[in-house]
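Chains A, B and C, in that order, give the protein sequences. Sequential numbering of the first sequence, starting at 0, is according to numbering that gives the first Met the number 0. Sequential numbering of the second sequence, starting at 0, is according to numbering that gives the first Met the number 0. Sequential numbering of the third sequence, starting at 0, is according to numbering that gives the first Met the number 0.
In case anyone wonders, no lab produced these hints; they're calculated from the structure. Incorrect hints may have been included.
Said to hold, decoys possible - Beta-carbon label-pair distances, calculated as ranges:
hint: 1; chain 1: C; residue 1: A182; chain 2: A; residue 2: L139; range: 52 to 60 Å
hint: 2; chain 1: A; residue 1: A209; chain 2: C; residue 2: M0; range: 50 to 58 Å
hint: 3; chain 1: C; residue 1: Q137; chain 2: A; residue 2: E109; range: 23 to 31 Å
hint: 4; chain 1: A; residue 1: Q56; chain 2: C; residue 2: S139; range: 37 to 45 Å
hint: 5; chain 1: C; residue 1: M0; chain 2: A; residue 2: K112; range: 57 to 65 Å
hint: 6; chain 1: A; residue 1: V82; chain 2: B; residue 2: L139; range: 43 to 51 Å
hint: 7; chain 1: C; residue 1: K65; chain 2: B; residue 2: I207; range: 43 to 51 Å
hint: 8; chain 1: B; residue 1: R53; chain 2: A; residue 2: V82; range: 54 to 62 Å
hint: 9; chain 1: B; residue 1: R131; chain 2: A; residue 2: F180; range: 50 to 58 Å
hint: 10; chain 1: B; residue 1: R217; chain 2: C; residue 2: P71; range: 46 to 54 Å
hint: 11; chain 1: A; residue 1: Q137; chain 2: B; residue 2: G54; range: 32 to 40 Å
Stated by the list, open to error - Under the rule of at most 27 Å between Cα atoms (straight-line distance), these lysine-lysine pairs were calculated in the DSSO-like manner:
hint: 12; chain 1: C; residue 1: K65; chain 2: B; residue 2: K113
hint: 13; chain 1: C; residue 1: K74; chain 2: B; residue 2: K113
hint: 14; chain 1: C; residue 1: K178; chain 2: C; residue 2: K223
Bear in mind the structure is a predicted one, so any value in this text is a computation, not a measurement. Beta carbons: idealized from backbone N, C-alpha and C, even for Gly.
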Amino acid sequence: MRSFSLIDFVSLFAALRWTVALVVLALAFGAPLALGLAMGRISRFAGLRWTMAACIQVIQSVPLLGLLFFFYFGMPVFLGIQVPALVAVTIAYTLYTAAFLGEIWRGGLEAVKQAQWEAGACLGLSAWQQFRHIIAPQALRLSLPPTVGFLVQLIKGTSLASILGFVELARAGQVVSAATFQPLLTYALVAAIYFALCLPLTLWSRSLEARLDGSR
Amino acid sequence: MNFLPLWRYQNQLIDGAIVTLELTVIAALAGLLIGVAGAVALNGRITPLRWLVRGYIELFRNTPSLIQIFIVFFVLPTFGLKLPAFEAAAVALSLYFGAYSVEIIRAGLDSVPKNQIEAGQCLGLSGWQVFRHILLPPALRNAYPAVTSQFVLLLLGTSLASQVAADELFHVAGFIESRTYRSFEVYAVICAVYFAMAMSFKALFAIIGLAAFRWPRRR
Amino acid sequence: MALVEIRDVHKTFGKVEVLKGVSLDVEEGEIVTIIGRSGSGKSTLLRCINALESVDSGEIRVEGQKVHARMPDLKKFRQRVGIVFQAFNLFPHLKVERNITLAPLLTGRIEKAKARALAEDVLTRVGLADKIDAWPEQLSGGQQQRVAIARCLAMAPHLMLFDEVTSALDPELVGEVLKVMEAMAKQGMTMILVTHEMGFARNVANRIVFMHQGRVWEQGPPAKLFANPETPELASFIASAK
Numbered sequence: 000m001r002s003f004s005l006i007d008f009v010s011l012f013a014a015l016r017w018t019v020a021l022v023v024l025a026l027a028f029g030a031p032l033a034l035g036l037a038m039g040r041i042s043r044f045a046g047l048r049w050t051m052a053a054c055i056q057v058i059q060s061v062p063l064l065g066l067l068f069f070f071y072f073g074m075p076v077f078l079g080i081q082v083p084a085l086v087a088v089t090i091a092y093t094l095y096t097a098a099f100l101g102e103i104w105r106g107g108l109e110a111v112k113q114a115q116w117e118a119g120a121c122l123g124l125s126a127w128q129q130f131r132h133i134i135a136p137q138a139l140r141l142s143l144p145p146t147v148g149f150l151v152q153l154i155k156g157t158s159l160a161s162i163l164g165f166v167e168l169a170r171a172g173q174v175v176s177a178a179t180f181q182p183l184l185t186y187a188l189v190a191a192i193y194f195a196l197c198l199p200l201t202l203w204s205r206s207l208e209a210r211l212d213g214s215r
Numbered sequence: 000m001n002f003l004p005l006w007r008y009q010n011q012l013i014d015g016a017i018v019t020l021e022l023t024v025i026a027a028l029a030g031l032l033i034g035v036a037g038a039v040a041l042n043g044r045i046t047p048l049r050w051l052v053r054g055y056i057e058l059f060r061n062t063p064s065l066i067q068i069f070i071v072f073f074v075l076p077t078f079g080l081k082l083p084a085f086e087a088a089a090v091a092l093s094l095y096f097g098a099y100s101v102e103i104i105r106a107g108l109d110s111v112p113k114n115q116i117e118a119g120q121c122l123g124l125s126g127w128q129v130f131r132h133i134l135l136p137p138a139l140r141n142a143y144p145a146v147t148s149q150f151v152l153l154l155l156g157t158s159l160a161s162q163v164a165a166d167e168l169f170h171v172a173g174f175i176e177s178r179t180y181r182s183f184e185v186y187a188v189i190c191a192v193y194f195a196m197a198m199s200f201k202a203l204f205a206i207i208g209l210a211a212f213r214w215p216r217r218r
Numbered sequence: 000m001a002l003v004e005i006r007d008v009h010k011t012f013g014k015v016e017v018l019k020g021v022s023l024d025v026e027e028g029e030i031v032t033i034i035g036r037s038g039s040g041k042s043t044l045l046r047c048i049n050a051l052e053s054v055d056s057g058e059i060r061v062e063g064q065k066v067h068a069r070m071p072d073l074k075k076f077r078q079r080v081g082i083v084f085q086a087f088n089l090f091p092h093l094k095v096e097r098n099i100t101l102a103p104l105l106t107g108r109i110e111k112a113k114a115r116a117l118a119e120d121v122l123t124r125v126g127l128a129d130k131i132d133a134w135p136e137q138l139s140g141g142q143q144q145r146v147a148i149a150r151c152l153a154m155a156p157h158l159m160l161f162d163e164v165t166s167a168l169d170p171e172l173v174g175e176v177l178k179v180m181e182a183m184a185k186q187g188m189t190m191i192l193v194t195h196e197m198g199f200a201r202n203v204a205n206r207i208v209f210m211h212q213g214r215v216w217e218q219g220p221p222a223k224l225f226a227n228p229e230t231p232e233l234a235s236f237i238a239s240a241k
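Start from the sequences, fold in the hints, and give me the full structure.
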């Protein structure tokens with residue numbers, strides 16, 4: 000056992016790069032997928048709507064830990080191949096992000112009044128043009144507060160990757176805590192770092208929401 | 000793909016699911032009590048108390064549930080409070096659920112127009128009568144969707160208790176996997192069980208909602 | 000002793016003095032309408048009478064009892080004074096019958112067995128006996144307001160206050176509410192109304208009180224006041240209200 004020192008302090012902060020990396024990967028792959036899901040959910044084709052809805056329901060009704068373990072342990076065994084840990088974890092976080100953001104963005108799309116679509120049609124725009132130029136920008140504005148709110152959930156969700164051995168913040172905390180026998184100091188610091196990451200986003204989300212309410 | 004080896008562990012799975020449900024219900028009830036107390040405090044006039052509740056909410060909403068469970072399980076013993084895994088997870092999850100409940104309940108209470116309360120007071124009803132008959136029913140209805148969806152998230156969140164070796168469903172999964180090596184089947188089944196539980200609760204809540212809140216919505 | 004005695008009441012909201020020394024008496028059985036421009040303090044005065052607002056100085060007495068927010072037995076007092084609001088304020092989660100019988104039952108005014116009969120009785124008086132099992136949301140504005148009146152009547156008040164009760168109604172629905180109020184007046188109810196309905200003021204009221212800038216500017220019988228206003232402010236108000 001050694002005492003808590005500067006090295007431990009730095010290692011906690013260094014672990015943030017994995018936290019950030021996982022978030023970035025999840026968003027990079029999950030956001031486009033979410034957009035597809037959201038658009039599918041409002042499509043004319045009932046079959047498409049139902050399929051997308053079912054996919055989203057399934058992912059939202061399963062623990063994030065379950066998704067992670069399924070793709071990390073389960074899929075490689077099933078496929079009989081070696082799947083790099085990062086790939087498995089990215090798939091899990093991507094699906095998680097796609098499902099929740101998809102629902103949020105669907106809500107945003109549906110909140111844009113029907114009249115806006117009609118106005119676009121009357122101007123002679125195609126459905127895609129209506130979507131791209133009139134509906135999507137408004138939907139984005141409406142969805143921004145809950146999207147930022149989900150970002151907070153995602154950051155907190157990366158802590159689960161610690162269980163699979165990724166040395167992101169939570170894992171680094173476990174390692175340092177075990178090495179220094181200082182669980183209080185270590186976890187307080189870990190919590191403080193997460194807090195420092197998430198609180199500004201939470202406050203930003205709230206101010207966005209307030210601004211939205213004010214402008215309506 | 001071979002699910003047969005899992006069959007002999009069905010009792011453990013059932014036991015695990017029961018523990019999951021116990022943990023969920025306990026944390027939800029405790030969390031709701033905290034939520035009501037917090038909502039009342041936030042609407043009250045004691046400023047330090049309001050700051051305290053605000054601090055609690057922000058702290059528990061902006062830190063991961065996993066870390067909260069670790070702190071209750073690993074850190075509290077240094078203060079002399081050593082809780083077993085289930086109890087530690089229950090405490091941590093109650094506080095987590097409570098932090099979300101305060102906001103939801105407060106929003107529900109605030110959603111009832113002041114006019115309604117005035118009308119009740121002008122009919123000569125006491126403060127408690129106004130609260131119970133005029134404020135509470137619409138507030139409950141408005142808070143209901145948010146509370147029930149948080150409940151389902153809590154159900155799924157109990158899986159984190161596996162990390163401090165509480166005997167809930169996810170921990171049982173790890174146990175079965177270590178015995179059968181059937182990773183895919185085990186985690187597929189576990190996810191299916193969580194899915195079934197989550198959907199059952201959603202259906203149950205939908206039915207309760209229809210039965211309890213029968214008055215028409217505002218046009 | 001008048002039923003309502005208002006003596007030199009002052010009230011300030013923030014930086015604005017809304018009531019600048021109002022004095023008024025209302026006798027039992029009188030129908031008094033308070034008219035005036037927005038901001039003249041009419042609604043505030045009304046709300047002070049049943050202690051929804053507190054007075055900063057001066058005194059209000061109802062049936063000899065001093066009225067203020069911390070008066071002993073405020074609840075019992077409010078059971079004797081009915082108030083009908085511009086926004087009706089029916090309880091949306093309760094059916095019409097329950098809206099009406101909630102307070103009588105909870106305050107011990109009536110027993111459970113007699114509750115429905117009471118509801119039927121007051122609803123008949125406002126002409127809505129057939130709506131006893133409806134939800135408020137299913138009723139028109141005029142019907143909701145009449146139910147609100149019935150809800151007050153169920154408590155058998157000694158005094159009824161009306162705060163611009165027809166201002167939020169579509170024009171064609173105003174008449175049915177005024178008819179009910181007229182019937183109440185004929186039955187001897189003491190009524191104080193804040194209203195823009197000049198027709199009602201002219202035909203039904205015993206006395207008009209014209210408020211201007213937080214004071215009682217002029218008062219008197221409707222016939223006299225409308226024919227010969229003494230002050231230019233009242234004259235211009237009547238002219239603009241036509």
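Inset, instruction - Could you check the structure against the hints above and give me the numbers of any it violates, in ascending order? - result: The structure breaks hints 8 and 10; every other hint is satisfied.
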